[in-house]
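S.K.: Could you slot chain S onto chain V? The hints should help.
Heads up: the sequence lines are chains V and S, in that order.
FYI, my numbering numbers position 204 of the first sequence as 204, with every residue one higher than the one before it.
FYI, my numbering numbers position 249 of the second sequence as 249, with every residue one higher than the one before it.
All the given hints hold, so there is nothing to weed out.
Derived coverage of chain S by chain V (criterion: at least 3 residues anywhere in the stretch with Cβ under 8 Å from a Cβ of chain V; other residues may be distant):
#1 119-125
#2 210-218
#3 266-274
Simulated from the structure, these hints should not be mistaken for laboratory data.
Glycine included, C-beta positions come from ideal geometry on N, C-alpha and C.
One letter stands for each residue in the lines below.
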Amino acid sequence: MAQATSPPEVVKEDERTRRGYSSDAAGLGNLRAGAFVAPALLLIAAFLVFPALWVLYLGLTNYRLTGAAAAEPQFVGLANLLDAVSNPTFWNSTWLTLQFVLGSAVIGQVVLGFSIAWMLRDRAGPLKRLVEGLVILAWILPSAVVSFLWVALLDRDGGTLNALLGIPGFPWLLDHPMLSIIVFNTWRGTAFSMMLYGAALGNVPPSHLESARLAGASGWQQLRDVVFPHIRGHILTNLLLISLWTFNDFSPFLITAGGPDGRSEVLAVHVYKVALQSGELGYGAAVSTIILLINLVVAVFYLRLLRSKK
Amino acid sequence: MAVRKRSLGVVAVLAAAGLGLAACGSSSGGGEGEAIELTITQNAIKGGKNAAGATFIEDWVIPEFEAAQKAKGKDVTVKFVPSGVDDEQYKTKLSLDLKSGKGADVMDIDGIWAGEFAEAGYIKPLSELVGPEADNWDGWSQIPEAVQGMAEFDGKKYALPVGTDGRVLYFNKALFQQAGLPADWQPKGWQEIIDAGTKLKSAGVPVPIQINAGTAMGEATSMQGVLPLLAGAGGEVRQDGKWTGASQALKDALGLYQKIYGGGLGDPKLQQEAKGRDKSFQQFAEGKVGILMEGDYFWRGVVNPKDGVAKMDDRDQVVGYAMIPAMEPGKGLRGQDFVSMSGGALRTVNPNSEHPKEAFELLAFTLSPEALKEETKDGNVRVTPRTDVNKEILAGEPLLTYISEKVLPVTAYRPPVAVYPQVSAALQEATAAVVGGTPPDQAATAYQKKLEGIVGGAGNIAS
Chain V
1 MAQATSPPEV VKEDERTRRG YSSDAAGLGN LRAGAFVAPA LLLIAAFLVF PALWVLYLGL
61 TNYRLTGAAA AEPQFVGLAN LLDAVSNPTF WNSTWLTLQF VLGSAVIGQV VLGFSIAWML
121 RDRAGPLKRL VEGLVILAWI LPSAVVSFLW VALLDRDGGT LNALLGIPGF PWLLDHPMLS
181 IIVFNTWRGT AFSMMLYGAA LGNVPPSHLE SARLAGASGW QQLRDVVFPH IRGHILTNLL
241 LISLWTFNDF SPFLITAGGP DGRSEVLAVH VYKVALQSGE LGYGAAVSTI ILLINLVVAV
301 FYLRLLRSKK
Chain S
1 MAVRKRSLGV VAVLAAAGLG LAACGSSSGG GEGEAIELTI TQNAIKGGKN AAGATFIEDW
61 VIPEFEAAQK AKGKDVTVKF VPSGVDDEQY KTKLSLDLKS GKGADVMDID GIWAGEFAEA
121 GYIKPLSELV GPEADNWDGW SQIPEAVQGM AEFDGKKYAL PVGTDGRVLY FNKALFQQAG
181 LPADWQPKGW QEIIDAGTKL KSAGVPVPIQ INAGTAMGEA TSMQGVLPLL AGAGGEVRQD
241 GKWTGASQAL KDALGLYQKI YGGGLGDPKL QQEAKGRDKS FQQFAEGKVG ILMEGDYFWR
301 GVVNPKDGVA KMDDRDQVVG YAMIPAMEPG KGLRGQDFVS MSGGALRTVN PNSEHPKEAF
361 ELLAFTLSPE ALKEETKDGN VRVTPRTDVN KEILAGEPLL TYISEKVLPV TAYRPPVAVY
421 PQVSAALQEA TAAVVGGTPP DQAATAYQKK LEGIVGGAGN IAS
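Extracted from the complex, chain V is given alone in its bound form:
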């Protein structure tokens, strides 16, 4: 206390408060600023932090949808997590999810989305509007409607695709379930990548492309040396978002229901099946915890890449 009243300390405190005010552009002060942020923080706490913590807790119990464990769940520690990592079904789902994300998001949506954006970059008029309209339509239609259309397209007996190809009875959804949902999700989600790259390409200075062309750069060289460096941040942001969305996407369930015999049971479907269909809420929560961790790792990975640019 004696030291606090000594002159040098006072100066320091003054400095600190002065610095504090200088960063407070709105002049609200901590208390009032906090009051403004509080509603948002409360919403985040109620709808994001609390459910996440609740899932962590549920994952440590043997909570079930029905039966005695629904009334009085017991604390089982890490048993669910250990069960999950020693369960081949879980690893199978993880592997399928990886295929799904790589195939439909990282390769399918990014490549297709960028290609469309690149081909339409200098165009205007009805063709561009038509292509963009169709791609965006695939994105904004409700999942239930779209899935029904795809089931009708790929059905073994009365499917449109088999009728067109003249191979009635070919079971696409049974023999190639992963390929089916990867193509479906590519078709479904390309619009986002297309729009993002369309906007990004507009930011590439035309003069740079012009000079590259004058210097005799081929189309691929222009892309590699002029366009990509300019839109690197967009690519990474896009990859981050669509990887996470695809990772957690549930719509494959509406097409194959995870079948046949679990061969298209991506993690989101796996959690639904164990937690709600088999009623093992505790185990499902433990798997969700692992999904949460994987999501964090993916996000950190991309954010690192994004920062390394600067």
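M.R.: Just chain S now, with coordinates in the frame of chain V:
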């Protein structure tokens, strides 16, 4: 992202508008005195699954019950909450409703869910919930012991039984004629089923035999597949308080699956499809399936020429039925020559109901003799829980008479314990494995291993 947000916003606005409309609709029903609103739910919907049941509730039960209550000076409105999905999804929906303290006042559940619902506290003994009226219900004296047993758990009655059923082998007489098989076919052992399948196959029938398998069909695989076969091989899923592991009976049952699906007598892909069961119904109605094992629901709700989901106008002429034989005569459960499995729905009062007494009145009304007679008229006959009603209504219905006279005496019931659905799921996985090419012995061993995890160790399993 922006589009996504906006579409969410639109959905929210639409939902709010919908709620507003719904609120208007329900408030206009109020009047003087205490207005009571009840809801009743079944996995039934007009124009879809169990259409006859939904029509009966909406067009007869509700107006009649409301009128009867009005005559007593009570203002009661009843709303039907339809549903038309797979039984497993219906169960998930009900469990979530009940877990969150909601749900319809009167609801239908499958008899086999009673144990796990009771243990979870989702349903309560009727005498606790409703009062002595439940035990004094006049219908009890008309309901056979075995059927009453389905509604009991730990010696207490949790619901009223809605009826019971039995399983048989259906066959297409037109296809049988093509294959040179008799119209009054009755196999005496499994080999005769295989032989008929082989003849059907050489006569060009696309799917000679359909016996449900795999996980996609859920409990239908157990009830109309592996359990009757297990009984035919002399086994039961649980005997004398112990679960049956990789027994010879199970291996025999799985062996028949292997003969059918490995030998080209059935369509293995159909067992894997997400909507495989519905498709098998469709194919039977189109004359593509020779033999199909199903419950009497198939006759009433599927190929029913009036409102089935896969109507057959010539059902009465074309569809034949036979009892499910044991593996060989005398080798079935309890030394029987023929076997079957039975289940049945229950109807109960939701413990979350604000008006349990009125809800029970509605429940009892749906199972009164008048209501049951009304429900089962015009070709909608089913085996009701009441002997007094059955005597009258079954007389003109050949299949249901056959079920109640020949099948029900040899039938068996599933173990009424909470863990059964998990065991059943493991059995379904075993059939899926065999249809996919795994040898029966290996699938049976894998089943036993899974069973140990479900029922709490090898000590509870007889091998």
